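J.: Kindly produce the complete structure, drawing on both the sequences and the hints.
Number of protein chains: 2
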Amino acid sequence: MQQLEYLKEQMKRKSMIDDAVRTLLFDQSTVCPKGAMEDKNETIAYLSELSFSVLHDSKVTEAILYLYDRKDELDEWDRVLVEQQYRRYLIEKNITTEEAYELSLNETNAFVEWSKAKEASDYSIFKEPLLAVIKGCQKKAQKRELTKEDAAILKDDYDRLMDIYDRGMTQADLDPLFDECRERIIALTNKIRQSKKQIRTDFLSRHVSIEKQREITEYLMKLQGFDFNRGIFSTSEHGYTERLSANDVRITTHFYEDCFMSSIYTVLHETGHAIFDQRQPSKNNDYFIFEGKTLGMHESVSRFYENILGRSRGYVHLMYPAIKEIIPDVLNDVSEEEFYLAANIVTPSLIRTEADEVTYGLHVILRYELEKEIIAGRLSVDDLPAAWNKKYEEYLGVSPSNDREGVLQDVHWTSDFGYFPTYLMGNLYNAMYFNTMKQDLDIDAILASGDIGDINKWMCDHVFEKADRLSPKEWIKDITGRNVCADDFLTYLENKYTEIYEL
Amino acid sequence: MQQLEYLKEQMKRKSMIDDAVRTLLFDQSTVCPKGAMEDKNETIAYLSELSFSVLHDSKVTEAILYLYDRKDELDEWDRVLVEQQYRRYLIEKNITTEEAYELSLNETNAFVEWSKAKEASDYSIFKEPLLAVIKGCQKKAQKRELTKEDAAILKDDYDRLMDIYDRGMTQADLDPLFDECRERIIALTNKIRQSKKQIRTDFLSRHVSIEKQREITEYLMKLQGFDFNRGIFSTSEHGYTERLSANDVRITTHFYEDCFMSSIYTVLHETGHAIFDQRQPSKNNDYFIFEGKTLGMHESVSRFYENILGRSRGYVHLMYPAIKEIIPDVLNDVSEEEFYLAANIVTPSLIRTEADEVTYGLHVILRYELEKEIIAGRLSVDDLPAAWNKKYEEYLGVSPSNDREGVLQDVHWTSDFGYFPTYLMGNLYNAMYFNTMKQDLDIDAILASGDIGDINKWMCDHVFEKADRLSPKEWIKDITGRNVCADDFLTYLENKYTEIYEL
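Protein sequences appear in the order of chains A and B.
Under this note's numbering, the first residue of the first sequence is numbered 3, with each subsequent residue one higher.
Under this note's numbering, the first residue of the second sequence is numbered 3, with each subsequent residue one higher.
Read the hints as simulated data drawn from the structure, not as lab findings.
From a predicted model like this one, the values you see are computed outputs, not experimental measurements.
Worth double-checking, as some hints may not be accurate.
Same chains, same label: a pair holds when it works inside one copy or across any pair of copies.
[Stated by the list, open to error] Heads up, simulated DMTMM-like pairs for lysine to aspartate or glutamate below, C-alpha to C-alpha not over 25 Å straight-line:
no.	residue 1	residue 2
1	Lys14	Glu104
2	Lys285	Asp77
3	Lys120	Asp442
4	Lys198	Glu7
5	Lys459	Glu147
6	Lys14	Asp59
7	Lys393	Glu476
8	Lys16	Glu40
9	Lys224	Asp456
10	Lys95	Asp59
11	Lys224	Asp41
12	Lys61	Glu51
13	Lys214	Asp204
T.: Put into structure tokens, the structure is as follows:
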């Protein structure tokens with residue numbers, strides 16, 4: 003009991019320091035003057051170290067081990083807290099402070115060199131730092147202490163990395179799912195490519211002022227149920243969502259004056275993440291349980307609101323008139339159907355973040371395939387760009403003309419391997435629970451009513467409620483009664499786009 | 003040497019934590035969602051405690067005492083660091099942790115109750131918390147450990163409080179200065195009251211959008227020499243300037259759409275503070291010397307830019323055309339002379355923060371007189387409102403009709419006594435150094451050139467350079483060769499307003 007109190011006290015201390023760190027990072031990405039960036043980095047590094055040291059104190063470790071041994075005597079919430087901390091402890095246990103410092107230095111260095119390399123569109127600048135990150139990831143994987151249960155399913159380094167981000171999901175699970183996705187998505191994309199369907203795109207590049215896009219954003223966030231009393235919206239170089247603390251969830255986006263549709267769907271996506279964070283059971287916060295949601299779960303929610311809901315006819319019908327009222331000049335000659343079609347246009351392209359709903363999965367699958375080879379040591383950093391380009395040609399029929407739009411496009415490899423697959427897993431999850439939701443709710447009627455509250459409530463009760471306490475496999479089974487599969491997602495895509503492209 | 007290194011290491015730690023605290027406070031005052039305020043307060047309190055504990059560690063105290071004993075062996079900058087820390091140590095030395103906690107609790111409570119009281123315009127709500135603050139201030143004064151030199155000049159509790167904010171300035175110094183100010187300002191105000199001069203004010207309440215005021219603000223800040231690479235501008239409920247760290251000085255203001263002139267001069271004032279912080283010698287930062295500038299010095303700089311420079315004909319001539327270009331509709335029938343006169347209109351009023359350059363001093367003097375009586379125990383909290391109202395009637399010829407526009411208007415008494423006099427001392431200082439500046443520079447020619455760089459350079463070389471190393475008395479003597487006096491300020495006022503009001 004005393005050990006539990008002690009652990010919670012330290013968790014509280016850590017959560018306050020983390021709040022400060024996240025506030026400083028938010029400040030840096032939104033308003034901080036350039037000249038102060040370096041000093042601010044120092045402050046952030048110091049506080050991050052302080053946060054790290056809270057849980058890496060021997061007394062805390064002692065408490066975690068003591069409590070883990072007695073976890074069956076704890077109530078459910080305390081048990082989850084202890085299990086999560088025990089899991090974290092095992093992942094980090096064999097990494098010395100010096101090694102942790104070196105890993106973090108590698109990542110910082112990789113980020114700096116990647117930025118330069120991308121700016122210059124020159125992969126050679128990034129090659130060596132990337133190699134250091136890869137070796138670091140292999141080390142992290144190999145040094146992980148595994149429970150007997152973990153050891154039974156995590157077969158190699160890449161499994162051990164993936165498990166950090168979407169725990170319990172292994173290549174044995176993903177390989178057949180992703181193979182099915184690759185095959186059926188490529189087939190669907192090829193059909194679409196041959197379709198004669200004409201979709202208007204001329205209005206998408208019309209000028210929309212930042213002021214107007216801000217108005218649209220506020221409307222969309224309200225419609226979606228964002229709680230402005232417990233969060234804010236701001237702008238930054240790259241859009242993101244961050245939970246600073248229990249009652250402080252922040253969204254940022256970047257407005258491009260010649261690309262208003264992109265900001266609409268970025269906002270739906272980030273607000274999806276935010277709703278998940280804002281509407282988690284308050285007990286999670288009381289028990290310091292907020293590391294349980296995996297990235298795959300989080301991505302399932304953001305992409306549910308962005309795509310399944312946000313790119314549906316019903317949602318477009320709901321938001322189109324309001325958007326038109328804000329920018330009448332831009333949409334006066336655009337019908338609701340034309341807006342809907344433009345929001346769902348499929349164009350195989352080079353850049354993942356700009357990909358449509360259909361081809362997006364291919365961008366993820368090819369990264370997954372490359373990551374497996376890289377971490378297994380079968381693909382060298384020298385051969386990576388060629389392998390990258392080859393897969394783009396093969397899966398998407400497009401070839402990068404330079405490194406910037408090719409292998410250098412994403413920031414993730416400056417720190418993480420094993421993270422990319424979660425982007426596609428999110429789609430598999432949300433298509434499955436959308437099918438369950440449709441059994442409980444009349445989605446069309448709800449959207450027609452203008453208030454999506456019932457959908458959000460269903461998401462709270464089924465998707466959000468236990469997300470921090472269950473593994474992805476347990477969680478999707480709990481929501482849908484079924485094991486994870488790819489068919490729901492692929493059938494959803496095939497039906498929707500067969501209709502749109504008149505295939 | 004080892005002790006010096008240790009002290010500096012700890013100063014560095016503290017400065018990083020303070021940077022975080024100030025960033026969190028800035029976040030709270032600008033963007034933080036309401037629902038997160040309480041959590042953020044907890045985080046700020048925790049980090050403030052951490053910052054407090056850095057310098058209140060026995061090893062740090064040991065280092066300070068060791069170094070202070072050997073201060074003559076240190077180079078100048080190290081010596082100032084040690085002296086400043088020794089001074090702080092003496093002020094706090096006899097306050098126990100429990101007492102410090104109680105004092106801070108008193109202040110928090112007083113702030114909360116004052117806010118309620120002001121909202122309700124009911125002094126009775128604030129009376130008891132105010133009494134606790136007064137007792138706390140008396141305790142702080144009495145518990146201060148004094149050096150022999152301090153003891154020789156700080157005669158009573160109020161002297162000891164004032165010295166915290168404008169060190170070395172005592173009632174023996176201020177009484178004759180403020181008596182002279184009171185007499186000559188009241189005389190000048192009475193003459194102005196009888197003047198037949200008509201000054202146009204109709205255009206002052208014309209609507210100016212926040213967007214336009216933001217544009218004016220950016221222009222003014224650039225004109226004044228604010229370094230946007232090392233600082234930002236934002237909006238908050240109340241305007242203020244804060245140095246977050248060496249390269250991060252932030253200004254905020256509040257825009258009122260029917261009161262554009264007020265935001266112009268708030269910006270000049272806050273930018274004055276900011277320039278002082280941005281242009282201090284970089285060695286100050288290296289040696290952690292930034293507690294030396296007294297509030298009186300700081301206020302002298304902000305009011306120099308706001309009033310002496312900003313309300314001069316030359317400065318109005320410089321900025322008027324640019325402002326008119328931004329808001330042509332508002333100023334199309336307003337001449338430059340009318341703008342100048344409106345910026346200098348004198349109206350005895352109830353609210354200090356809205357007071358003109360002439361009567362402002364009277365607001366300060368009457369607070370100074372009341373504070374002396376209160377801290378000496380000769381004026382009770384029961385009798386304070388009546389005493390307040392009587393002085394307003396006597397000095398300014400106006401009577402508050404309620405507590406909100408009377409004794410409850412300022413936030414200062416929720417924490418500090420001895421701070422108010424610095425507002426008037428700033429005027430005495432800057433009028434003195436303006437007279438010295440005029441011997442070196444042709445102000446009219448500089449303003450006519452459109453670039454005030456030479457004025458800023460003079461300020462750096464004479465006013466900013468040693469502000470962190472000298473006491474106010476040494477500092478004003480160093481700049482002007484003279485001891486502090488009131489005549490420069492009063493003569494400046496008399497000349498300027500005799501001309502404006504054709505007295």
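J.: Tell me, which hint numbers fail for this structure?
T.: 3, 4, 5, 7
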